[in-house]
Amino acid sequence: MESLIFLRRIWWCCFFIISWSTTEAQIRYTIPEELREGSVVGNIAKDLGLDVSKISGRKLQIASETGKQYFAVDVEKGDLTVNERIDREDVCGYNVPCVLPLQAVLENPLQMHRVEIEIQDINDNAPNFKSNERVLNIPESINSGAKFLLEIAIDSDVQSNSLKSYSLSTNDNFVLNVKTQDGVKIPELVLKLPLDREKQAVHKLILTAADGGNPVRTSTCEITVVVLDNNDNAPEFEKPFYETVVDENESTQKEIVAVKATDLDEGLNGEIEYFFADQTPDTELFNINKQTGAITVKKQLDHEKASLHKFDIVAKDKGNPQMEGHCSVKIKVNDVNDNAPDIIITSLSSPIPENSTNGTVVSLISTKDADLGENGKVKLTLAPGLPFRFSPTLSNHYALVTNGPLDRENYPEYNIELNAVDGGSPPLFSRKTVKISISDVNDNPPIFTEKSYTVYAKENSAQDSILCSVSAHDPDLGENAKLSYSVLDSKVKDVPVSSYIYINSENGSIYNLQTFDYEKIKVLNIIVQAKDHGSPSLSSNATVNVFILDRNDNAPAVIYPSSSMGSVSHQRMPRSAKAGHLVTKVTAVDADSGHNAWLFYRLAEATDPSLFSVNLHTGEVRTKRAVSEHDDSSQRLVIEIKDNGEPVQSTTVTVDILIEDGFHEPISDYRLKTTEDNKKTGKITLYLIISLGTVSVLCLLTFFALVVKCVKSSIGSSSCCIRRTDSGYKNPNRNLQIQLNTDGPIKYVEVLGGDMMSQSQSFGSYLSPMSEFSDLTLIKPSSTTNFTDTLNTLDASLPDSAWTFESQQVRQKLRLLYSELSYVSKYKYVSTPHCDFVFTFILFKTIFRQNRRANM
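Per mature numbering (1 follows the signal peptide of the UniProt record, and there is no 0), the sequence shown runs over residues -25 to -1, 1 to 831.
Don't read these hints as lab results, they were simulated from the structure.
Be aware that one or more of the hints could be misleading.
[Said to hold, decoys possible] When the alpha-carbon atoms are kept at most 27 Å apart in a straight line, the in silico DSS-like pairs for lysine-lysine are as follows:
| id | residue 1 | residue 2 |
| --- | --- | --- |
| 1 | Lys305 | Lys105 |
| 2 | Lys433 | Lys410 |
| 3 | Lys343 | Lys265 |
| 4 | Lys468 | Lys433 |
| 5 | Lys160 | Lys229 |
| 6 | Lys229 | Lys291 |
| 7 | Lys160 | Lys307 |
| 8 | Lys167 | Lys139 |
| 9 | Lys139 | Lys280 |
| 10 | Lys214 | Lys154 |
| 11 | Lys684 | Lys617 |
| 12 | Lys167 | Lys280 |
| 13 | Lys343 | Lys293 |
| 14 | Lys305 | Lys274 |
| 15 | Lys497 | Lys343 |
| 16 | Lys160 | Lys21 |
| 17 | Lys305 | Lys354 |
| 18 | Lys506 | Lys426 |
| 19 | Lys105 | Lys343 |
| 20 | Lys410 | Lys34 |
| 21 | Lys433 | Lys407 |
| 22 | Lys122 | Lys105 |
[Unchecked claim] FRET-style restraints, in silico, Cβ to Cβ:
| id | residue 1 | residue 2 | range |
| --- | --- | --- | --- |
| 23 | Ser106 | Lys21 | 50 to 60 Å |
| 24 | Asn394 | Pro190 | 12 to 22 Å |
| 25 | Pro367 | Lys105 | 46 to 56 Å |
| 26 | Phe250 | Gln1 | 23 to 33 Å |
| 27 | Lys343 | Leu283 | 42 to 52 Å |
| 28 | Gln1 | Asn330 | 32 to 42 Å |
| 29 | Val74 | Arg11 | 17 to 27 Å |
| 30 | Asn83 | Lys21 | 15 to 25 Å |
| 31 | Asn330 | Asn520 | 15 to 25 Å |
The C-beta atom is built at its ideal place from N, Cα and C for all residues, glycine as well.
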């Protein structure tokens, strides 16, 4: 038993602790009505125990349950001030005390405090009679002590400022009597002395109503008493007091009660008519039938406005003088569920930023139902599927807060439907829509229409020409969506990209600052940034790849004969030369690319055009016929080299040929087979084999050195031995392709190599249908390569005593090849491994030719 008592005590202690922790402090202020705007009610921050410096950050606000904002908060001082003049009579009527319920709402965290402000009455209203004049017809035969009801005065003030007394002007025949009925003072005129119509037919009286205020306010009503001749009997009601109950939704014109009076007189003196007394205020709600005394509903009753109606009925006969009787009627109005709930928006924050955190207070809402009991209980619900919810607060008060992320770009505005239903049977509903606008924050970066742009620009195009326009959009609004375009810093061959192009920061148009030279730069990789004007700003990038299209702006350049030999090249040939004898070979290159770099050779001028011909594709100069004794010993040829571009670019080279008798051929026609050559070529073959062996040994040593270097560099690393570096050769053998191509009369093998993402390099071996030998022409060489060491090694490996004329010719041809490769590597950027491969390939080919000649 003791343990049970102990457990009960613990339960009650827990209950009081929980109740104490969940109940917010209540603050009550008392102010008089009619205070001017800005008047201070009290320091609410201090009374709530809040730091004045923090109430702005916590968004302290005052919400009124009446839906009208009579008060505001000064966030700098923490004062509660009057926001609008308050008339107590309009707000509360006759209700005492007059209390305005408020809510003080704070965020972060959400707190709500109930604040009550009592509005005290001031004496700002005087008593008021419905009519300032009243006429009473009283027969002279009526006995002393007879009473006559007078009109009551109405005072809107309450308590001490309400109606306190009536007074009557001095008169010998009448005195004033005041009776109280249900707290209402009703004045009656009492006959003190009998009337004598012959002495005084009319009596003028003044009825004065005074309130209890300070100073006292009064009003008056003039009463005129007309003395009439005799009518012996006044009408009398069956009951002095009638009472009934009616529902507030009772239909109009329905009889709710009937009064009845009788008159003992006969004729007109006994005929009775029924009227409302003059002081009856409810004549707009009820009708009375003059003949029957039936009282019907004239206008819809409202329990919430008046649950009880009291008034007097007067029955008058038609005699002369007219006599009357009085009774009282009391009608009680029953409540029915005839009022739908009211949804009151006491506070609304709109717009709210789209980055608002969960639980941010958007609106304060209260509900009200004028019905009583279950009919007045209201439940408020929210339409589903919205990022909002109700946070529970005080009874019939709700805080609408965010309940999920907001995105203005998808939903710039929410129309939130609030549904209220009461507990009546049947229940009544009401709806209200709250519009919440979402303000923009800078939460979206710009979006380009394309991630990558490809642009083709012609070489030598004019400055300030538009290359392209990039475009981006930002789904945000205002400054957050305003964009500026810029080019990020980068370099093209160690030159800032900004020296080549510029961009219009407003519309994204890209222009060139200078003319492009395809031979210097082929691709521009530009990174364009779009940045909005938000705070902080957001940006995004797009890549613009500008490919320069080649134009035929370079004339062919003659490699051999080189300009170091002078403007005119001098060659010698024997007079014994036969038809098809190779005199010399003109070699040229073109800095352009593609079709613009295809070269064609022709004989433009000649001392004897019938003696020499120039191969269209290789530039070989050969004899068309055998040289005769009659041919001049000095021949001049002007050879024109043209490219395949539009317009055509060309250049010329002049070759002077000296025909000599007994001249030992510096360049022999290898198609002639003699037994003398076999001995000479045998020696040359030996020397070339020695040279080839030397070069092979050097290649092997270089290979082993690279392997050792790779092994050392790969220690502690999982990377491959052959590593890519920024400065070294990048994947020379990747995607190596060998193609057999035919281009008109030219047949050639083309070797392509290079990374897929970089510019490919190519070189090829051309075979002319006019020659049984292949001749090398580089198509796209591209780096500087020094072959001096290789040639010096070759010279060192051959004995000087045995270096015959033929070997000198081979050496001369190799040096010619070296000069060609040097020129190509200087202007066309062929990588060293490719040039080594070409040179070794040609060396093998030369040995093969020499060996074949030796066997013929």
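Violated constraints from the hint list, given by number and in increasing order: Hints 2, 3, 5, 11, 12, 13, 15, 16, 17, 19, 21, 24, 26, 27 and 31 not satisfied by this model.
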